[in-house]
Amino acid sequence: RQGCTDEDLADIAYTLQVGREAMEVRLACVVSTLEELKAKLAQYLAEAKDIDGLYRGTARRDKDGLATDEERQAMIEECAASGRSHRLVELWTKGMEVDWRQLCREAAPRRISLPSYPFARERYWVPPVRQVPSLQAKDVGKPLHPLLHRNTSKPAERQLPEGLYK
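In our numbering, the protein residues as written are 8 to 173.
Accuracy of the hints is not assured; some may be wrong.
Calculated cross-link-like contacts (lysine-lysine; reagent style DSSO-like; alpha-carbon spacing at most 27 Å) [unchecked claim]: (1) K101 with K56; (2) K161 with K101; (3) K45 with K101; (4) K45 with K56.
What the hints contain is simulated information worked out from the structure, not anything from laboratory work.
Generate the whole structure from the sequences, applying the supplied hints.
Take a look at the structure:
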């Protein structure tokens with residue numbers, strides 16, 4: 008988003024946490040400034056290894072290995088209270104569900120307008136059909152089916168000729 012400052016960082020994070028669906032493949036950065044965020048993302052795009060404060064993971068489809076709701080909530084609260092944001096985002100990237108609204112209930116940042124896919128500008132729409140193929144003249148007199156000798160349908164409705172089954 009253009010014109011953002013370091014003061015907007017909490018709002019950006021909150022918007023991405025509560026305003027977007029958590030996907031299976033996840034990426035999280037623990038940063039203090041926008042410049043730090045840009046640097047970590049640039050390193051990630053350059054395929055650097057072991058980037059401090061950047062976590063990437065795939066959420067497990069089978070959640071049995073993760074904690075129960077009570078254990079999960081206790082871990083989240085403990086991480087938040089002790090300032091262990093690195094551990095919290097690491098757990099989230101591995102598939103733990105985090106209620107970000109509940110976590111930010113004391114001083115909730117505001118949701119702001121962000122682009123849906125800021126990194127992908129390609130369009131994937133099917134190109135429109137320029138013209139509808141016409142019936143070939145050779146197909147007009149040809150029987151449609153052994154039991155159906157002519158098509159009396161109109162574009163908006165289907166009709167069978169009377170006497171078909173007589």
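Practice task
Against the structure, test the hints numbered earlier, and report the numbers of the ones violated in rising order.
Solution key: Per hint list: single violation, 2.
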